[in-house]
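**Student:** Sequence order for the protein chains is R and W. Note that this note's numbering has the first sequence beginning at 1, numbered continuously upward. Note that this note's numbering has the second sequence beginning at 1, numbered continuously upward.
Any given hint might turn out to be false.
Pairwise CB distance ranges, derived in the manner of DEER restraints [as the list claims (entries may be wrong)]:
# : chain 1 : residue 1 : chain 2 : residue 2 : range
1 : R       : Pro208    : W       : Arg206    : 38 to 46 angstroms
2 : W       : Ala205    : R       : Ala46     : 17 to 25 angstroms
3 : R       : Phe79     : W       : Leu29     : 37 to 45 angstroms
4 : W       : Ser257    : R       : Tyr128    : 24 to 32 angstroms
5 : R       : Tyr128    : W       : Phe92     : 25 to 33 angstroms
Source of the hints: derived by calculation from the structure; they are not laboratory data. Please read all numbers here as calculations on a predicted model, not as lab measurements. Ideal Cβ positions, reconstructed from N, Cα and C, are used throughout, including at glycine.
Here's the letter readout for the chains.
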Amino acid sequence: MSTANAPRPTVIPLTGPAPARSRRPHRVLPTLVLLLGALYCLVPVAWVVIASTKSNSELFTTFTFAPGSGLLDNLRDLFSYGGGQFGQWALNSLIFAGFGSLACTLISTMAGFALAKYAFPGRQAVFYAILGGVLLPGITLAIPQYLLMSEIGLAGSYWSVLLPSLISPFGIYLARVYAASAIPNDTMEAARIDGAHDARIFTAVALPMMVPGMVTIFLLQFVGIWNNFLLPFIMLSDERMYPLTVGLYTLLSKGSGTPSLYSLAIIGAAVAIIPLVVMMLVLQRYWRLDLISGGIKG
Amino acid sequence: MSTVTDPRTARRTRRRWVAPYTFLLPAGLLYLGFLAVPIGYAIFLSFRGLRVSGTGPFGVQEETWVGLSNYAATFADPEFLAGFGRLAVYGFIAVPLTLGLALTFALLLDLPRVAGARFARTAIFIPYAVPGVIASLLWGFLYLPSTSPLNFVLRRLGLDPINVLDGSMLFPSVANIAIWTGVGFNMIILYTSLRGIPGELYEAARLDGANEWHIAYRIKIPLVGPALVLTGLFALIGTLQVYGEPTTLRPMTNSISQTWVPLMKIYRDAFVRDDLSLAAASSVVLALGTLIVSVLLLRLAQRRTFGES
Numbered sequence: 001m002s003t004a005n006a007p008r009p010t011v012i013p014l015t016g017p018a019p020a021r022s023r024r025p026h027r028v029l030p031t032l033v034l035l036l037g038a039l040y041c042l043v044p045v046a047w048v049v050i051a052s053t054k055s056n057s058e059l060f061t062t063f064t065f066a067p068g069s070g071l072l073d074n075l076r077d078l079f080s081y082g083g084g085q086f087g088q089w090a091l092n093s094l095i096f097a098g099f100g101s102l103a104c105t106l107i108s109t110m111a112g113f114a115l116a117k118y119a120f121p122g123r124q125a126v127f128y129a130i131l132g133g134v135l136l137p138g139i140t141l142a143i144p145q146y147l148l149m150s151e152i153g154l155a156g157s158y159w160s161v162l163l164p165s166l167i168s169p170f171g172i173y174l175a176r177v178y179a180a181s182a183i184p185n186d187t188m189e190a191a192r193i194d195g196a197h198d199a200r201i202f203t204a205v206a207l208p209m210m211v212p213g214m215v216t217i218f219l220l221q222f223v224g225i226w227n228n229f230l231l232p233f234i235m236l237s238d239e240r241m242y243p244l245t246v247g248l249y250t251l252l253s254k255g256s257g258t259p260s261l262y263s264l265a266i267i268g269a270a271v272a273i274i275p276l277v278v279m280m281l282v283l284q285r286y287w288r289l290d291l292i293s294g295g296i297k298g
Numbered sequence: 001m002s003t004v005t006d007p008r009t010a011r012r013t014r015r016r017w018v019a020p021y022t023f024l025l026p027a028g029l030l031y032l033g034f035l036a037v038p039i040g041y042a043i044f045l046s047f048r049g050l051r052v053s054g055t056g057p058f059g060v061q062e063e064t065w066v067g068l069s070n071y072a073a074t075f076a077d078p079e080f081l082a083g084f085g086r087l088a089v090y091g092f093i094a095v096p097l098t099l100g101l102a103l104t105f106a107l108l109l110d111l112p113r114v115a116g117a118r119f120a121r122t123a124i125f126i127p128y129a130v131p132g133v134i135a136s137l138l139w140g141f142l143y144l145p146s147t148s149p150l151n152f153v154l155r156r157l158g159l160d161p162i163n164v165l166d167g168s169m170l171f172p173s174v175a176n177i178a179i180w181t182g183v184g185f186n187m188i189i190l191y192t193s194l195r196g197i198p199g200e201l202y203e204a205a206r207l208d209g210a211n212e213w214h215i216a217y218r219i220k221i222p223l224v225g226p227a228l229v230l231t232g233l234f235a236l237i238g239t240l241q242v243y244g245e246p247t248t249l250r251p252m253t254n255s256i257s258q259t260w261v262p263l264m265k266i267y268r269d270a271f272v273r274d275d276l277s278l279a280a281a282s283s284v285v286l287a288l289g290t291l292i293v294s295v296l297l298l299r300l301a302q303r304r305t306f307g308e309s
């Protein structure tokens, strides 16, 4: 049983409770505007799914939103391209995003917990350093990070993309905000009186209470790493190590010379976004994005 | 009662210090290694450069301390400044439209009795899951004259096809990609923030005769002020680091140069021209610029949203 003032895990920002049925009529204009917005957001996704069914010749001759007949051929071409490079890119993306965001979540949670629940010399300085890190655009760091990585001989390795993804000042900030509100001091004190060490307080008391916040940090970081382009683009030179973003970009830039690669880039894009969209739809109930909007008040 | 010199108390106090530092250690090391040290290294590099030393035909190139000359070169470079100019045009389109649409959608979602709200909320959020590079690829094909649905219709009607990746349409076309990927995320942040407003406020306002428009304008928008500032800050930082979208569109059009935005020029200086010092100086300028703009925005917003109350 969690304590009374721990946030309920059922607070679901994306799928709130259905509005109570009312006899008054629905509003028409707001619905219309919202559906227009939905249409705007879905059209490119629908386009890529439809275009991925077209053969190369159909791509340039038939109407854009008319389905074609080449889906299976395209899929076969995609997965056989460059000796199965596409599958390798997908696997790389999964390794970078999966491992990176898991480790980042744990590191951020530990740091956020320490910042929220302990008084120690230098706490304020650490916190300001983290705020500075939040404001600093991560991408302007990519070039100095590359220079340093090549100094120590790590540029071009998996580590060169993975290691910089493990530190997220924003993740630490969110963890601190969440720990401050989710872990009551009384519970910490009670555990301490019961003789628990700090490590045990963290694993047995704090971690379970911080799970909703951790899921949010994990998803933000997962999407962030999965979508990252510049860092792997700069760090990696071996095509087999590319994540999907960089791989598809190289396909497209080669495609401007050989239009046959266009249909590969299109089906590649379709295959690349479907897992992420599915993950988003399935996991959206666990997001606590109110953390982000609530955090700035404190 | 224990005294101050009780060794047990001393040990416990020390342990209380050790624990938070231990929890902070991994994050601290990574922060140093991948944030602090790279910044320090970039600053160091930005003051260095290749200079010919020795005299006559046998002078050798040598890396030495060159002071501020890389910074002078950065600020004197018309392409770098033009890049900021293009960034400004792009930002003036992308940031207000992203925030405006996000706020509009969030307010509409928050209205009582709106049909299809749940579907729209999910649909508008979906582009957030699409990587910027893939979003550019999708829109690129929708823009490309040979695959654009608009041009297909225009040709059928016997009209001239238009190229939205050229001329005055280029900036809105690139900005549209950022708007498309950004609206949903910002909408959700604003929407969750709206839902945190206590309902009694609305009831009191309704009793006073306020309609939904008044409530939105007088209560909701001021109360989500902090969330708006936050989303604005993210949008601004995102604008200054635009890189993937124009880079992906480049193979599809002749209108996007290799140095179209500052980060593209920095990339070219570092990796095509091998002028790491100049790239480092430009990186430092870009990072400092972002930091200054962010802090100014936060200061301004703090005075606006919290100063009045």
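**Student:** Determine for every hint whether it applies to the structure shown.
**Tutor:** Verification of the supplied hints:
no., hint, result
1, Pro208/R with Arg206/W: 38 to 46 angstroms, "42 angstroms, holds"
2, Ala205/W with Ala46/R: 17 to 25 angstroms, "41 angstroms, violated"
3, Phe79/R with Leu29/W: 37 to 45 angstroms, "40 angstroms, holds"
4, Ser257/W with Tyr128/R: 24 to 32 angstroms, "39 angstroms, violated"
5, Tyr128/R with Phe92/W: 25 to 33 angstroms, "32 angstroms, holds"
In this structure, the earlier hints numbered 2 and 4 are contradicted, and the remaining ones agree with it.
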